[in-house]
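Position chain L against the provided structure of chain V, taking the given hints into account.
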Amino acid sequence: MSIFKRLAPALLAATILAGGVTTVHADDQHFPLQSYRVGPYAAGGTGFFGGFIDYLNLINTRDGGVNGVKLTWSEGETEYEVEKGVEVYQRLKTNPGIAAWNPLSVGIAYAMLDGITADKVPLITINHGRTDTTDGRVFPYAFPLLLNPYSETSGIVNYIAAKEGGLEALKGKKIAVLYHGSPYGKETIPIYELLAEKYGFSLVQIEVPHPGSEQQSQWLQIRQERPDYVVLRGWGVMNPVALSTAQRNGFPADHIIGNVWSNSEEDVTPAGDAAIGYTAITTQASGKEYPVLQEIIKTVYGAGQGNLADQARIGSVYHNLGIVNGILNVEAVRIAQGKFGNRTLTGDEVRWGFEHLQLTPERVKELGAENLFHSINVTYDNHEGEGYVTFQQWDGQKWNVVSDWIAPDWVLLRPIIEKSSEAYAAEKGLTLRTEADAENVSQ
Amino acid sequence: MTFVADNPLATPLTRHLPLAAGLLLAFVAVPAFASDYVIEAILLPFLALSLAGLGLNLLTGYTGQVSLGSAAFMAVGAFAAFNLEHRIDWLPLPVSILLAGLTAAAVGLVFGLPSLRLRGFYLAVSTLAAQFFVQWALTKFGWFSNYSASGIISAPSLHVFGISLDGTAGRYLFALSTTALITLFVHRLVISPIGANLIAVRDNETAARVIGVPVLRTKLAVFALSSAIIGIAGAIWAFAYLRTVEPAGFNLDRSFQILFIVIIGGLATVRGAFLGAALIVIFPLLLSRFTGLAFDGVADAGVLKLIERIFFGAVIIAFLIAEPNGLSAILSRITRRFTR
Chain V
1 MSIFKRLAPA LLAATILAGG VTTVHADDQH FPLQSYRVGP YAAGGTGFFG
51 GFIDYLNLIN TRDGGVNGVK LTWSEGETEY EVEKGVEVYQ RLKTNPGIAA
101 WNPLSVGIAY AMLDGITADK VPLITINHGR TDTTDGRVFP YAFPLLLNPY
151 SETSGIVNYI AAKEGGLEAL KGKKIAVLYH GSPYGKETIP IYELLAEKYG
201 FSLVQIEVPH PGSEQQSQWL QIRQERPDYV VLRGWGVMNP VALSTAQRNG
251 FPADHIIGNV WSNSEEDVTP AGDAAIGYTA ITTQASGKEY PVLQEIIKTV
301 YGAGQGNLAD QARIGSVYHN LGIVNGILNV EAVRIAQGKF GNRTLTGDEV
351 RWGFEHLQLT PERVKELGAE NLFHSINVTY DNHEGEGYVT FQQWDGQKWN
401 VVSDWIAPDW VLLRPIIEKS SEAYAAEKGL TLRTEADAEN VSQ
Chain L
1 MTFVADNPLA TPLTRHLPLA AGLLLAFVAV PAFASDYVIE AILLPFLALS
51 LAGLGLNLLT GYTGQVSLGS AAFMAVGAFA AFNLEHRIDW LPLPVSILLA
101 GLTAAAVGLV FGLPSLRLRG FYLAVSTLAA QFFVQWALTK FGWFSNYSAS
151 GIISAPSLHV FGISLDGTAG RYLFALSTTA LITLFVHRLV ISPIGANLIA
201 VRDNETAARV IGVPVLRTKL AVFALSSAII GIAGAIWAFA YLRTVEPAGF
251 NLDRSFQILF IVIIGGLATV RGAFLGAALI VIFPLLLSRF TGLAFDGVAD
301 AGVLKLIERI FFGAVIIAFL IAEPNGLSAI LSRITRRFTR
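Residue numbers (this note's numbering), protein chains in the order written: chain V, 1 to 443; chain L, 1 to 340.
This is chain V alone, in the form it adopts within the complex (with noise of 0.2 Å):
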């Protein structure tokens, strides 16, 4: 004990002046990764960031980088508390050459948002986020990249629409949305009733508290609205439960529509057989058969330098996204170095470079990620960027495609957003950015 005493002091002087270990450069361009490999949302956190490693990995070893710029990247566990995530953001910021930041959660991003806007780098929330920052005029630092949860919402109804024969057919028609009970579950209650009011569907909205084990109630109410199709905003442990609970009270599985969180492997295997059918929404699809994967797997896996420890995960849902979302990290860096040069940029000039973003179905092709998603236009007042959706149906082994590329219904939304975004601006006092604002760069 004694000796613990008097080295304890040391240690902590000693651990905190050395600030861990970092093996950055400072020609590098680096990306510090918030991930969380423990903890209830691991399967998430393995897959994304090992997704977003496995692509750095690539362009570093096949290309040498991008134009001869280095990817590097350090790690810190979050286990998806905010406050972990905080400790991170204030321990890898003073890493040099930072491009961006990728949390995967809206509680540490909404806590970083401060911070990124101060420090001048961008804050990348591919698939989710706080829906307002879609709105460059007001947030020009945060990037809810490809979907955010209203996109999410439009596409859905979309795609329900396709299903019945167009738009016209959903009048008459009833949905269902079992929610999670949380403010992400329902972040989208207005939206849901905007378009049911529009297209003519009745609505009903049932929340089930979180964690969402028990649902027997609400599925029984479920039984008795007889709705046409459930949508599912689920979380966690509640998505399997949900289709669990849906063939006991003979709900077919393929008229359950999963959002963008209810859409991974691990939301359907441990429902066996009563997943059969589920269809889920998602901006990138799985599997492996896309040039890009396969590159991964041979130069990065094949070198024993892959990030996924079950490489039976290699083409899933998650590990799919992180892909993509390395996929618009790293051109966002070369589209930045084509107007900056070839070099370490700084988190202002990527994020003009992220403003810039816009890639064609071709350059989609030419980066081998031809249908593993569609493509993007991210322009200074617009952090989405358009992003497509499709939906897949899940057949007890593996998620399958089962529709085209529906875009999502961004004239209707983008007013609604717009409101959000100038009462935040209103709020906090700030003046809306014009495009001659946004290309105007800090070194």
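Just so you know, these hints were derived from the structure itself, not from any lab. None of these values were measured; they are calculated from a predicted model. Check before you lean on any hint, since a few could be wrong.
Partial list, derived from the structure: chain L residues whose beta carbon lies under 7 Å from chain V [stated by the list, open to error]: (1) E40; (2) I152; (3) F185; (4) L242; (5) R243; (6) T244; (7) E246; (8) G302; (9) K305.
For every residue, glycine included, the Cβ atom is placed at its ideal position computed from N, Cα and C.
Just chain L now, with coordinates in the frame of chain V:
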């Protein structure tokens, strides 16, 4: 365990010198020299959790009422401060923080009512009601989070008398001043006759009643005061530390964390809350740095985390076996050895 925790043999000079030096260090040296990381990731959560521990210690340590609802009162304080700042523009920050404390006190009073009838485990279970009710209410009614789409709200910018406290040092000084003032208040309180009343209620309610302590009133008052302090800690947690509030951040885990701070630090001591919070906040960080250095590349992050948890648990058990009265008692023994 006495209610005057400081060493009675020490002279006024030796007793006050370390405190003055500590305050000088905290108020002047830290903002001038400490890095952002030390303040943002270590000192701010340390101050907020210390204050919460202090509040709970009044209730649990001094008065003997076990509560598992601390995080709920933190949430009440945080959301009350947010709404006050947001809805009443002209309200100065210290006033909204104080009113947030009063709001938490009112909620604490309601959930303190069962303490008039219940004791021990039964009371602990009834305080769980506060934990679940508050979290449910904050999620259920959009008004509390100003109808924010995702239910997570950003803290407004902090101003006191026209001076912006939004920077790292400003938020630190704000948290530190609040904590220091409340600590001084609690210190004065526990060495006053009221402090003796609290201990009398804890040690034997019947005996306390016999010697004329108003037991019911004392219990309710301490519930209110403790909740107020914890509520202010919640406001600091949200405003100064995370700069964001979400109901899920104030879950049962947080309540347990605060209870552990009090137990590890030392029940019925003012400094125990600070020592306990230091251990809970700083030790895991050191440990993760240490395992990160020692096992870099050997084991993956998941295994490292498990090793850390095992080690952290073992250290806590070792501490409690070596000194059941907590870190505060260990510190007393050390200082006594030096002053002798």
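| message | Checking each numbered hint in turn, tell me which of them this model violates, lowest number first. | response | Number 3 - this is the single hint that the structure violates.
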